[in-house]
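Novice: Residue numbers (this note's numbering): 64 to 478.
In short, the hints are calculated from the structure, not lab data. Careful: at least some of the hints might be erroneous.
[Unchecked claim] Straight-line alpha carbon distances no greater than 20 Å define the calculated PhoX-like cross-link-like pairs of lysine-lysine that follow:
#1 Lys426 x Lys453
#2 Lys453 x Lys429
#3 Lys238 x Lys341
#4 Lys113 x Lys341
#5 Lys251 x Lys281
#6 Lys397 x Lys376
#7 Lys397 x Lys426
#8 Lys376 x Lys216
#9 Lys238 x Lys266
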Amino acid sequence: MQLLPGFRDFFPDDCARRNYILEMWRAVARRYGFVEYDGPVLEPMALYEKKSGGEIVGQLFDFTDKGARHVAMRPEMTPTLARMVAARERDFKKPLKWFCVPQFFRYEKQQRGRLREFYQLNCDIIGEASSAADAEMIAVLIDMLRGVGLGEKDFVVRLSSRTAWQEFFAQAGGKSEDEYEFFQIVDKAERNPPEKTDAALAKFSLTAQQVLDFMRSKTATAELAPILADLTARGLGGFVEIDYAIVRGLAYYTGVVFEVFDRSKNERALAGGGRYDKLLSLMSDGKVDLPALGFGMGDVVLANLIDDTPAAKAQLDAWLARERAADVYVVIAKEERRAEALGVVQQLREAGHRTDFPLTAAKVGKQFRTAEQLGARLTVLIGDEWPQVKVKTLATREEVLVDAGEVLAFLQRKS
RNA sequence: GUGGCCGUAGCUCAAUGGUAGAGUCCCAGAUUGUGAUUCUGGUUGUUGCGGGUUCGAGUCCCGUCGGUCACCCCA
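All chains, full assembly: derive it from the sequences and hints.
Specialist: Have a look at this one:
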């Protein structure tokens, strides 16, 4: 049987690599004072239709359940988060700093950096309108990437704002109801040929040249300047660049938006996010009106970039080696001593040593080879010497005879 | 959703239209209780699947499934 397209088996090594990223995300988020939440993997289809109309429906894993409910595997977290916050918003002190590491499902054709199933870190700050929240959000994002060994040479946060484009559009005489259409044109202006952009902009009496000129101006607006100052004060200024080419595709973004790219631009965006100050009100039919911002970062592109960045790869490999290494391998040299060996194994395990041993009789040479392959630091050989055992440090090949009752204490001294 | 390229052993890959192979991995062994290397032996395939052309198809053609890259989209 083949896998479904875009889905992954996680063999132990794959699973360890995934956990490396997920554990780092959680560690950094907590370090920044974010708390973890989660929601259902399956949601009513209506939850996603409410926010975005119907166009994303084609990219959902949706079906009718046995109770005739139209349901969808979650493709994103924001609607769930909005529902949760709207339901119990008054229980929590503002601002909320929440994160989540959900698995998402999107029915799209897979390609590099995009599968039909993936993990995505979501960080959100809700109930804080000041630019300090934007800076905090970008800072945690930067440290997520630094946490896996990526540096200023490897990635850059491209910071922009829809507010800046709103002002640009308004000054050119544009109406606010046309804003979203205008944003879409801007979003594509770098990729499309100028003639095409000119044609699209004609109805607004604008030209591609005007848009591109503004896009390439690197001056921070009054909205963005304090964010840059905040990040610079943290020593993180070098990770951020103003880039008005970033507008993001979604309709609900209201102000600051940002995306993270690898410097070589070999990969898709590593992360993206921004302010969505009106969304909670929209999702809760006006019951809850709180400013909010957040970002998402997927595991697939990040894993690709780690693999392609030597320093990050080395850090990952070192972590993997530690992660899978056994601590002690108990060698049963005389099968008649298996009962005694089992006692020692149990004792070691109860003391917290990661311990393994041969389940069936095997030659001593083979057992040492297995110990080596498992990455064990020590072997405890049990045989004719009983009630003494031989403790060997594999790296140095040094071997010591120890009373069986003293093994634990001996290992304690060795570590 | 559209298009290009690709699909052979668990993995990496060979094989002019003419008997499906190598390396690696794994397993066993090479003086009774000590790890690398080395040596010997062994397991593994409806050549993704289904049709067609041909005396003969891994190879050519069509379809299909899967992979990959680009476009689209990107929550």
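Novice: So, for every hint listed, does it hold in this structure?
Specialist: Comparing the hints with the structure gives:
1. Our distance criterion of 20 Å between C-alpha atoms is met by Lys426 and Lys453, whose separation comes to about 16 Å.
2. Distance restraint check for Lys453 and Lys429: the Cα-Cα separation of roughly 17 Å lies within the 20 Å cut-off, and the hinted pair is therefore satisfied.
3. With a CA separation close to 19 Å, the supplied pair Lys238 and Lys341 stays within the 20 Å bound.
4. Taking the CA atoms of Lys113 and Lys341, the gap is about 14 Å. The hint holds against a cut of 20 Å.
5. The suggested pairing of Lys251 with Lys281 holds, with an alpha-carbon distance near 19 Å, which does not exceed 20 Å.
6. For the given pair, Lys397 sits about 42 Å from Lys376 by alpha-carbon distance, which is inconsistent with the 20 Å threshold.
7. At roughly 9 Å between alpha-carbon atoms, Lys397 and Lys426 fall within 20 Å of each other, so this suggested pair holds.
8. For the suggested pair Lys376 and Lys216, the alpha carbons sit about 15 Å apart, so the restraint of at most 20 Å is met.
9. For the given pair, Lys238 sits about 11 Å from Lys266 by alpha-carbon distance, which is consistent with the 20 Å threshold.
In this structure, the one hint that does not hold is number 6.
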